[in-house]
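Engineer: Here's the letter readout for the chains.
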Amino acid sequence: MTHLALLAGPAPAAGAESFADHTRRLGARPWGNRGLIDTIERAGLVGRGGASFPVGVKWRSVAERRGGAVVIANGAEGEPLSRKDQTLMALRPHLVIDGAMLAAEAVGAKRILLYVGEAHGSAVMALSRALAQRPAAEAGRARVLPAPPSYVAGEETAAVNFVNSGVAAPTAIPPRPFEQGVDGHPTLVQNVESLAHAALIARRGDAWFRSLGVNGAAGTVLLTVSGAVARPGVVEVASGSTVDEVLALAGGVRGTARAVLLGGYFGGWITARQAGTMALDPKGLRAAGGSLGCGVVSVLDEAADPLDVSARIMQHLANESAAQCGPCFFGLRSLSAATTRLAGRQPDLGDLPKLHRWAAMVKGRGACRHPDGAVAFLQSALSVFEPEFAAAAGARGAMVP
Amino acid sequence: MWIDRTKCDAHRLCAELFPESIRLDDWGYPIIASGPIPASLLPHAQRAVDSCPVLALALRRVARRA
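Chains as they are written, first to last, in our numbering: chain A, 71 to 471; chain B, 135 to 200.
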């Protein structure tokens with residue numbers, strides 16, 4: 071693990087940093103205000119939960135509304151390939167809490183919910199203990215709320231719905247959480263890594279944050295590296311680092327890389343050759359129409375069957391549909407079944423053209439973006455593994471029925 | 135025309151009553167043409183909205199183009 075900013079300080083083996091050690095190392099946090107929102111905008115910080123939305127814009131949209139706001143620090147981390155949020159919460163709980171407090175002060179919120187995946191035991195424990203170490207005035211404003219272990223529980227309307235009704239399923243928009251969230255109040259739902267960055271930017275300024283990036287990018291980014299690498303795990307790298315540099319940090323590729331899954335189950339495959347020199351810059355990738363998603367970098371080696379791996383991911387995404395919207399529930403089931411048949415080299419008549427048709431049909435037709443994420447993933451598989459899909463389909467699977 | 139996808143249960147009445155803008159996908163759920171509905175079709179659109187058994191459809195006013 072590298073230790074640039076968020077993970078600077080004691081080694082991971084030391085576990086959660088105490089409030090005393092945190093304050094000694096970084097100094098007391100400043101008070102959050104509107105000026106901090108300007109600073110965060112100048113820093114160029116974008117959200118690290120997956121959508122890469124500008125953090126300053128999000129805070130401002132909540133700050134400009136009337137009525138006691140609520141902050142949800144989102145550490146649900148339902149993405150199966152991601153570990154970075156739970157690692158951050160387990161090792162630097164006070165940085166996350168600082169960020170949540172600063173956000174609450176900046177947007178005028180009185181209540182903070184630390185929404186943490188209930189399966190991420192060390193993160194839940196670290197945040198609960200950390201909260202107990204804070205001054206009473208701070209501890210009284212926040213509480214830890216375990217999130218159900220589903221993929222969509224971290225979607226922001228699902229987080230709000232869970233607080234309001236106990237059901238972690240997305241709701242139709244509008245209203246968005248910043249308009250009408252917890253108990254009808256304007257609500258900021260912000261990923262825990264984004265909040266931790268804000269806690270450092272508040273202390274050190276926007277110029278400091280920008281200076282951490284390379285190749286024109288700003289700040290650092292937490293990544294979860296997995297698959298065919300020697301040392302899988304969480305790394306913190308300068309934003310703008312290339313995929314090759316990140317894979318070197320993870321001990322290098324085992325075998326020969328065929329493709330890299332960037333951004334996790336909602337991300338997409340890119341060929342290993344294209345990935346190598348690609349700059350991992352959340353803001354730059356968003357501007358280019360791509361996405362770093364939640365920072366997953368997973369390597370598929372030549373020996374693995376890309377269709378089998380892709381089919382398993384589609385099965386997971388289909389099962390994780392909240393089953394509220396027909397096009398998502400039935401569409402992803404159909405897409406998953408056809409992908410699985412192709413991966414088994416036993417396609418039904420026309421399975422391959424059906425995948426293309428259904429993918430286009432499902433896109434944009436859910437209350438949340440779950441179907442869109444699943445379809446984007448599948449379309450990347452169809453493109454990067456086009457020869458494999460064509461071979462698996464054969465004459466029968468390629469026929470247009 | 136706005137749809138609450140979490141409510142829609144594929145009763146399919148809307149596509150019968152307003153085929154000019156609504157067709158069905160392979161699973162029986164409505165695909166609604168994007169963009170504003172021409173004034174001449176508004177009665178059809180309203181009929182589709184009123185007939186939805188689960189009240190999943192609504193018409194929303196859009197700003198008139200200058």
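Just so you know, the hints here were simulated from the structure itself, not pulled from any lab data. The structure displayed is predicted, hence computed values, not measured ones. Ideal Cβ positions, reconstructed from N, Cα and C, are used throughout, including at glycine. Check each hint, because a few of them may be wrong.
[To be verified] Simulated coverage check for chain B against chain A, where a stretch passes if three residues somewhere in it have a Cβ under 8 Å from a Cβ of chain A:
id	stretch
1	135-142
2	177-186
[Stated by the list, open to error] A short list of chain A residues far from chain B (calculated; beta carbon distances all over 12 Å):
id	residue
3	ALA78
4	ASN103
5	GLU188
6	ILE243
7	ASP253
8	ASP375
9	ALA393
10	LYS424
11	ARG427
12	VAL432
13	ARG435
14	SER450
15	SER453
[As the list claims (entries may be wrong)] Not the full set, but computed from the structure, chain A residues with beta-carbon under 7 Å of chain B:
id	residue
16	PHE89
17	GLN394
18	CYS395
19	GLY396
20	ALA430
21	MET431
22	GLY434
23	ALA437
Engineer: All hints, please: hold or fail.
Structural biologist: So, going through the hints one by one against the coordinates:
1. 135-142: holds (count 5)
2. 177-186: Answer violated; 0 residues pass the 8 Å Cβ test.
3. ALA78: At about 43 Å from chain B, A:ALA78 clears the 12 Å cut-off, so the statement holds.
4. ASN103: 35 Å, holds
5. GLU188: 24 Å, holds
6. ILE243: 10 Å, violated
7. ASP253: 20 Å, holds
8. ASP375: A:ASP375 is indeed farther than 12 Å from all Cβ atoms of chain B, at 28 Å.
9. ALA393: Given that some Cβ of chain B is not farther than 12 Å from that of A:ALA393, nearest at about 10 Å, it is violated.
10. LYS424: With a cut-off of 12 Å, A:LYS424 comes too close to chain B, as the shortest Cβ separation is near 9 Å.
11. ARG427: At about 8 Å from chain B, A:ARG427 fails to clear the 12 Å cut-off, so the statement is violated.
12. VAL432: At roughly 8 Å from the nearest Cβ of chain B, A:VAL432 sits no farther out than 12 Å, so the non-interface label is violated.
13. ARG435: 7 Å, violated
14. SER450: 22 Å, holds
15. SER453: Non-interface label on A:SER453 holds, nearest chain B Cβ at 22 Å vs cutoff 12 Å.
16. PHE89: Violated - the Cβ of A:PHE89 stays beyond 7 Å from chain B, reaching only about 42 Å at its closest.
17. GLN394: 4 Å, holds
18. CYS395: With a minimum Cβ separation of about 4 Å from chain B (threshold 7 Å), the hint on A:CYS395 holds.
19. GLY396: Holds: closest Cβ of chain B sits about 4 Å from A:GLY396, inside 7 Å.
20. ALA430: Result: violated, 10 Å to nearest chain B Cβ.
21. MET431: Holds, because the Cβ-Cβ distance from A:MET431 to chain B comes to roughly 5 Å (cut-off 7 Å).
22. GLY434: With Cβ-Cβ at 9 Å, over 7 Å, it is violated.
23. ALA437: OK, holds: A:ALA437 within 7 Å of chain B, min 5 Å.
Against the hints set out earlier in the document, violations occur for numbers 2, 6, 9, 10, 11, 12, 13, 16, 20 and 22.
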